[in-house]
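Asker: Protein chains in written order, with my numbering: chain A, 1 to 402; chain B, 1 to 402.
Wrong hints could be hidden among the right ones.
Put simply, identical chains are the same to the list, so a pair is met inside one copy or across any two.
Below, computed lysine-lysine pairings styled on DSS-like, alpha-carbon distance capped at 25 Å [stated by the list, open to error]:
1) Lys278 with Lys324
2) Lys161 with Lys54
3) Lys57 with Lys217
4) Lys324 with Lys139
5) Lys125 with Lys223
6) Lys397 with Lys224
7) Lys134 with Lys387
8) Lys347 with Lys223
9) Lys278 with Lys134
10) Lys53 with Lys134
11) Lys125 with Lys57
12) Lys134 with Lys54
13) Lys217 with Lys347
14) Lys53 with Lys161
15) Lys139 with Lys387
16) Lys134 with Lys224
17) Lys7 with Lys278
Keep in mind the hints are simulated off the structure, nothing from the lab.
2 protein chains.
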Amino acid sequence: MSGYNVKRGRSLLNTPGPTNVPEQVQQAMVRNPLDLGDPRALSMIETCFRDLKKIFKTEHEIFMYAANGHGAWEAALVNTMSPGDLLLVPELGNFSTGWGEMAEALQMRTETIKGDWRQAIDPAKIRDRLAADKNHEIKGVLVIQTDTATSVTCDVPAIRKAIDESGHPALLFVDTIPTLAVTDFRMDEWGVDVAVSASQKGLMMPPGLGFVAASPKALEAHKKATSQRRYWDWSLRLAAESYRTFCGTSPQIQLYGLRASLDMLLEEGLENVFARHKRLARATRIAVEHWGQAGAMELNAINPDQYADGVTTILLKEGYDGTKIRDVCRDELQCALGGGLRNLSGKAFRIGHMGDMNEPMLYGALASVEATFAYLGVPYTPGGVTKAIEYLVECRKRGGKA
Amino acid sequence: MSGYNVKRGRSLLNTPGPTNVPEQVQQAMVRNPLDLGDPRALSMIETCFRDLKKIFKTEHEIFMYAANGHGAWEAALVNTMSPGDLLLVPELGNFSTGWGEMAEALQMRTETIKGDWRQAIDPAKIRDRLAADKNHEIKGVLVIQTDTATSVTCDVPAIRKAIDESGHPALLFVDTIPTLAVTDFRMDEWGVDVAVSASQKGLMMPPGLGFVAASPKALEAHKKATSQRRYWDWSLRLAAESYRTFCGTSPQIQLYGLRASLDMLLEEGLENVFARHKRLARATRIAVEHWGQAGAMELNAINPDQYADGVTTILLKEGYDGTKIRDVCRDELQCALGGGLRNLSGKAFRIGHMGDMNEPMLYGALASVEATFAYLGVPYTPGGVTKAIEYLVECRKRGGKA
């Protein structure tokens with residue numbers, strides 16, 4: 001059976017980014033560029049800015065970059081901070097640490113409120129630390145809405161409230177990279193100062209576009225911030241003839257893709273997008289908890305009100321190898337999962353269920369994970385998929401409510 | 001939840017044709033045509049003829065048509081038969097009847113050996129009927145290798161043997177439309193005179209190409225056959241400067257797709273292609289038999305040695321509506337199945353598992369069918385997917401053997 005390992009059929013992509021790019025978006029990008037100044041391209045780009053604001057739920061400025069999420073992280077920092085500025089980092093998982101490391105590399109300073117990677121930092125700790133900072137040395141708080149390494153989601157409005165209670169002027173930064181168009185996010189209503197996102201998750205796009213939304217308070221801070229910058233610079237982009245400039249050539253073809261993605265999201269309606277993710281996430285957790293009765297694994301997130309809608313991290317008991325599960329599931333069973341990151345390296349794996357995802361796709365992924373356990377001899381209680389089916393059929397009977 | 005019915009994610013196509021077109025084939029067809037006489041196009045087409053012979057397992061002539069399977073049916077008949085000629089039709093299901101109806105419309109005559117739509121006609125009946133035809137009024141026997149309506153497969157070599165035992169000169173026609181590159185077929189070794197196929201099933205192509213392979217005996221019959229024909233005419237195609245002619249413009253873009261498909265089949269190896277289909281088919285039957293314990297359904301095919309590798313027909317007990325199952329599974333659960341045809345209309349549904357299909361895709365389909373039963377209240381024993389997983393993992397442990 002020498003050709004047995006030749007792969008046929010569509011492979012499943014169940015990582016928490018990049019996510020599946022729907023055919024509508026793929027097809028929108030199969031085109032020749034127009035010239036940079038073609039009014040058709042310019043007006044298409046203008047509608048992207050307009051509709052992206054609906055997704056961020058903001059009336060404030062939005063900046064788009066030919067960059068990935070790390071680029072957007074950097075843009076957020078260098079536009080508002082100066083070398084030596086102190087940032088408070090409530091640790092939610094790998095990505096709060098990573099954003100803090102980037103700030104350090106950019107000559108800012110960070111102070112981490114240590115977390116246990118299984119639950120979010122109590123907002124009271126943020127409030128107390130800020131209240132103790134009488135000289136307002138802390139300039140910003142770096143919040144990750146959902147850390148995909150841990151699949152823990154934090155309560156952004158509660159953090160806003162904590163900052164307000166402390167009477168501290170620090171800017172509230174929120175990373176919505178894996179949550180925008182997955183989980184509710186309300187830039188303006190929640191008083192977020194800087195929100196960061198990227199194209200390759202809930203927006204169902206190829207990687208390569210980064211987004212930053214900035215409140216008036218963030219734009220004020222920008223004026224005094226002395227970090228070195230040019231490509232990322234908000235002033236340059238705002239001062240240009242049209243704010244649509246991208247500091248050079250615009251990523252026009254990707255923007256045609258974004259246009260298609262925004263059309264799809266607005267057609268479905270954000271509330272339905274969120275509900276779909278909630279259903280798929282809960283179905284996944286139901287399967288994991290069923291499998292876990294055999295004692296080899298459990299949900300990494302501890303608190304139900306901190307569960308993530310776009311990804312599920314499965315924590316393995318001592319002796320089971322998350323990397324092996326991920327490798328076999330991808331290389332043999334044609335279903336790509338996320339691995340354990342940093343503290344969870346080898347100790348966990350992750351099922352992504354964000355973006356252009358539906359029930360048959362999730363069923364395929366859950367069954368492939370179940371097959372991987374069986375193949376590797378990882379103890380599990382069979383029937384996780386059966387339980388997921390039961391739950392999703394119940395949702396369907398009540399009109400889609402998760 | 002007004003946008004709840006907006007569909008997101010990839011839908012599953014589990015019909016017995018058209019089947020999924022793999023990305024490699026899609027991409028091969030995204031191109032501008034070359035001019036008709038471009039040597040690069042001509043030599044590409046020549047390799048398609050060459051490699052298609054490997055798929056039919058023949059050294060004989062192959063004709064390709066810009067047409068669907070019905071076009072290839074007609075080409076087979078009008079090239080070898082004359083008005084008034086009698087054809088023997090062993091009834092396997094909808095498609096033997098359909099091919100016979102086409103012969104009647106073309107002014108040939110047919111005689112059907114009635115079947116029960118759940119098992120193949122005993123070859124002895126064919127032998128006896130031919131032996132009784134002392135004047136050799138019967139000119140051909142129309143055989144469908146697998147009738148997708150019934151999911152019953154017949155034994156082509158046994159039919160050849162039956163014809164030989166009768167000492168009758170009738171031509172053996174075989175429809176391999178849903179079996180080529182799904183189930184083993186050996187044109188030359190099995191002594192088939194005319195084999196018919198099409199692009200949209202095991203060949204993983206869009207519909208639009210039809211194929212006919214003709215033995216020397218069929219080419220002899222062709223010389224005497226007086227049916228009206230031009231587009232389908234073998235002589236015209238053979239006499240042309242190059243036998244690659246298509247009676248006019250060649251469907252060049254589709255042929256680039258076919259080239260990609262043949263590359264994929266030859267890379268995987270036909271034996272592996274057949275084994276993959278056998279595994280997926282058996283996993284499907286295991287799920288169906290598990291569901292069927294609740295009394296609402298059973299496999300339509302009765303004899304295990306006549307099971308089909310590319311499709312499974314599920315026969316429903318009185319009172320259950322196959323059309324409704326199919327509609328809900330496609331329109332709500334995003335998984336397209338086949339419906340019941342002709343005698344089985346409304347009484348059955350069909351799960352296709354042919355072509356560019358793998359385990360995660362099948363898991364998604366089986367789970368979607370299971371969810372459809374749950375949603376509609378069709379009695380079933382939950383856990384069909386779990387059983388399919390167990391079986392396919394066992395296959396994997398033994399290196400892919402079904």
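Asker: Now tell me, hint by hint, if it's right for this structure.
Answerer: Hint by hint, here is what the structure shows:
1. Lys278 with Lys324: neither (28 Å within a copy, 28 Å between copies)
2. Lys161 with Lys54: The answer is within: 23 Å in one copy meets 25 Å, while 71 Å across copies does not.
3. Lys57 with Lys217: Cα proximity of lysine 57 and lysine 217: one copy only (17 Å, versus 74 Å across).
4. Lys324 with Lys139: neither (42 Å within a copy, 61 Å between copies)
5. Lys125 with Lys223: neither (30 Å within a copy, 93 Å between copies)
6. Lys397 with Lys224: Intra 56 Å, inter 64 Å, cutoff 25 Å: neither.
7. Lys134 with Lys387: Classified as neither; 53 Å inside a copy, 64 Å across copies.
8. Lys347 with Lys223: neither (45 Å within a copy, 73 Å between copies)
9. Lys278 with Lys134: neither (41 Å within a copy, 73 Å between copies)
10. Lys53 with Lys134: Neither: 35 Å inside a copy, 83 Å across copies.
11. Lys125 with Lys57: neither (28 Å within a copy, 74 Å between copies)
12. Lys134 with Lys54: Result: close neither inside a copy nor across copies, 37 Å intra and 81 Å inter.
13. Lys217 with Lys347: neither (41 Å within a copy, 67 Å between copies)
14. Lys53 with Lys161: This pair counts as within: shortest intra-copy Cα distance 23 Å, inter-copy 73 Å.
15. Lys139 with Lys387: neither (47 Å within a copy, 57 Å between copies)
16. Lys134 with Lys224: Answer is within: at 21 Å inside a copy they meet the 25 Å cutoff, but 104 Å across does not.
17. Lys7 with Lys278: Between. Shortest inter-copy distance 16 Å satisfies the 25 Å Cα cut-off; intra-copy 32 Å does not.
The structure fails hints 1, 4, 5, 6, 7, 8, 9, 10, 11, 12, 13 and 15 (numbered hints given earlier, in ascending order).
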